[in-house]
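From first to last, the protein sequence lines are chains A and B. Under numbering that gives the first Met the number 0, the residue at position 79 of the first sequence is numbered 78, and the numbers go up by one with no gaps. Under numbering that gives the first Met the number 0, the residue at position 156 of the second sequence is numbered 155, and the numbers go up by one with no gaps.
Keep in mind that a hint or two might mislead.
As the list claims (entries may be wrong) - Here are the simulated PhoX-like cross-link-like pairs (lysine-lysine), alpha carbons at most 25 Å apart as the crow flies:
#1 A:Lys36 x A:Lys97
#2 A:Lys36 x B:Lys37
#3 B:Lys306 x A:Lys48
#4 A:Lys87 x A:Lys97
#5 B:Lys37 x B:Lys17
#6 B:Lys37 x B:Lys306
#7 B:Lys106 x B:Lys175
#8 B:Lys40 x A:Lys78
#9 B:Lys46 x B:Lys106
#10 B:Lys40 x A:Lys48
#11 A:Lys36 x A:Lys2
#12 A:Lys97 x A:Lys2
#13 A:Lys97 x B:Lys37
#14 B:Lys106 x B:Lys40
#15 B:Lys17 x A:Lys48
#16 B:Lys190 x B:Lys37
#17 A:Lys48 x A:Lys78
#18 A:Lys87 x A:Lys36
#19 B:Lys306 x B:Lys40
#20 A:Lys78 x A:Lys36
#21 B:Lys106 x A:Lys78
#22 B:Lys40 x A:Lys36
#23 B:Lys106 x A:Lys36
#24 B:Lys175 x A:Lys48
#25 A:Lys87 x A:Lys48
#26 B:Lys175 x A:Lys78
#27 A:Lys2 x A:Lys78
#28 A:Lys78 x B:Lys46
In short, the hints are calculated from the structure, not lab data.
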Amino acid sequence: MTKWIDVCATSDIDAEDVMRFDHGGQTFAIYHSPDGKFYATDGLCTHEKVHLADGLVMDNIIECPKHNGRFDYRDGSAKGAPVCVNLKTYPVKVEAGKIMMEIGK
Amino acid sequence: MNIMATPRDYGLLGRDAKMAEEMGLASAQWYQCPMPRKRLKELMVRKDGPAIRDTLIWFTAFAVTGGFAYYFWPTWLALPFFIAYGVLYGSSSDSRWHECGHGTAFKTRWMNDVVYNIACFMIMREPTVWRWSHTRHHTDTIIVGRDPEIAIMRPTWILRVIFLFFAIPQTWGAIKSIARHAAGTIGEEEKTFIPEMERGRVILTARIWVVVHAAILASAIYSGSILPLLFFGPLPTMYGAWVHILTGLTQHGGLAENVLDHRLNSRTVYMNPILRFIYWNMNYHVEHHMFPMIPYHALPALHEDLKPYMPKPCSSVFAAYCEIIPAIWRQRTEPDWHIERELPSGIKPVESLGD
Chain A
0 MTKWIDVCAT
10 SDIDAEDVMR
20 FDHGGQTFAI
30 YHSPDGKFYA
40 TDGLCTHEKV
50 HLADGLVMDN
60 IIECPKHNGR
70 FDYRDGSAKG
80 APVCVNLKTY
90 PVKVEAGKIM
100 MEIGK
Chain B
0 MNIMATPRDY
10 GLLGRDAKMA
20 EEMGLASAQW
30 YQCPMPRKRL
40 KELMVRKDGP
50 AIRDTLIWFT
60 AFAVTGGFAY
70 YFWPTWLALP
80 FFIAYGVLYG
90 SSSDSRWHEC
100 GHGTAFKTRW
110 MNDVVYNIAC
120 FMIMREPTVW
130 RWSHTRHHTD
140 TIIVGRDPEI
150 AIMRPTWILR
160 VIFLFFAIPQ
170 TWGAIKSIAR
180 HAAGTIGEEE
190 KTFIPEMERG
200 RVILTARIWV
210 VVHAAILASA
220 IYSGSILPLL
230 FFGPLPTMYG
240 AWVHILTGLT
250 QHGGLAENVL
260 DHRLNSRTVY
270 MNPILRFIYW
280 NMNYHVEHHM
290 FPMIPYHALP
300 ALHEDLKPYM
310 PKPCSSVFAA
320 YCEIIPAIWR
330 QRTEPDWHIE
340 RELPSGIKPV
350 ESLGD
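Based on the provided sequences and hints, a complete structural model is requested.
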């Protein structure tokens, strides 16, 4: 069963930045891409469980703050050592200035 | 938090490795100074410009020192140029390996990778192995049994420290490691930090390196000259290592083991611009460990921002060794003793996160 949940207002995340979002005992990372789109992934790096929201967004890449591992946050793909396992991604939509993500799949 | 048992076991499969896990020191949460997200983003911004400039200077310095060394060979006038060339080859490669390994030196990924592989060859660090060992060093900095990059183990073996300046243990270790990997074997300790999917790359690179080193040796034999061996391969790594050991031992030498606060186990040292060029600002070492995603060219600014939370930096390399030498000498017989870092008033050390 899936459901859409409210995350935050679109204005809460700067362009080319990331924000942490915790819900139901899980932690997520919500991204605002340079071209104005929003994305969501699991919040912890697949390498050593560090919060990606403390990392650096460069174009479509999120870089982990601990070991500089990189993912493409649009599809969660790992972009080389030290990350080897892809991130899980979640559908996102914007309604009336609110970011919503679909969880529970 | 200190593990009170001695002698220590620095092996990654040994008693202290298990103890570190049991005590919550492995992959633990480390102290970070407060830093506004906006400022952090400013400092994290990647640029190609500074590293391209520095790399052009670097290659030019190789050409000039190497060119004059070749020109004056075999007279004594070649000696100072070989000394300078050796420092570039065997010492400045350490910081290029380090920064490009983090992927922070250049904004463009392939530039990091190219310089990383060149630097790895110069300093004889197998690229994949050392990328992963350094990852562990950042996860478990100076945690006994977890960190594979502890330079001075306790009780201190002074002769080994002296040998480090000539890269004797490092080069011997590299030769054994390359031979083992080229034969298709990954060690049990290495398996603790190199993922399975990366091991094929380790073996392939080692085999390529064996071919390249054989070619260097063959060119020396064919030309009947030692010159190829003085310019490439293990010899310049060894005769040029002393500067990177001089700077590198200041990073953690004599400080605490098994703590979760980089201010207590790492050292920031003020250095002159030439050393900082060779070392690519790694003298700001506490800052680097606390925020490893900040590029070398932004570390001086980060240092200024974090000053209120930091212990007083060492004023020079000389000042650093004034505390390091007595400390490591004492640690020959008192391995539990270490230099205590004094933090600014009102700021408590975070030694007990694992409790």
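Given the hinted pair Lys106 of chain B and Lys175 of chain B, is their alpha-carbon gap at most 25 Å?
Violated, at roughly 34 Å.
Given the hint that Lys2 of chain A pairs with Lys78 of chain A, test it: the Cα-Cα distance must not exceed 25 Å.
violated (30 Å)
Tell me if the straight-line CA distance from Lys37 of chain B to Lys306 of chain B falls inside 25 Å.
The given pair, whose Cα atoms are some 18 Å apart, holds under the 25 Å limit.
Within a Cα-Cα threshold of 25 Å, do Lys36 of chain A and Lys97 of chain A meet the stated pairing?
With a Cα-Cα distance of about 12 Å, the restraint between Lys36 of chain A and Lys97 of chain A holds, given a limit of 25 Å.
Between Lys87 of chain A and Lys48 of chain A, does the CA-CA distance stay at or below 25 Å?
Given that 25 Å is the threshold and the Cα spacing comes to 13 Å, the pair holds.
Hey, Lys40 of chain B versus Lys78 of chain A, does the alpha-carbon distance stay inside 25 Å?
Judged against 25 Å, a Cα distance of about 21 Å means the pair holds.
Is Lys190 of chain B close enough to Lys37 of chain B, meaning Cα to Cα at most 25 Å?
violated (39 Å)
Lys37 of chain B and Lys17 of chain B: Cα distance at most 25 Å?
The given pair, whose Cα atoms are some 39 Å apart, is violated under the 25 Å limit.
For the pair supplied as a hint, Lys40 of chain B and Lys36 of chain A, is the alpha-carbon distance within the 25 Å limit?
Satisfied, since the Cα-Cα distance of roughly 20 Å is no more than 25 Å.
25 Å limit on alpha-carbon distance, applied to hinted pair Lys78 of chain A and Lys46 of chain B:
Holds: Lys78 of chain A and Lys46 of chain B sit about 19 Å apart, inside 25 Å.
Check the hint pairing Lys97 of chain A with Lys2 of chain A against an upper bound of 25 Å on the C-alpha distance.
holds (15 Å)
For the pair we were handed, Lys306 of chain B and Lys40 of chain B, check the Cα-Cα distance against 25 Å.
holds (18 Å)
Checked against the numbered hints listed earlier, the structure breaks hints 3, 5, 7, 16, 24, 26 and 27; every other hint is satisfied.
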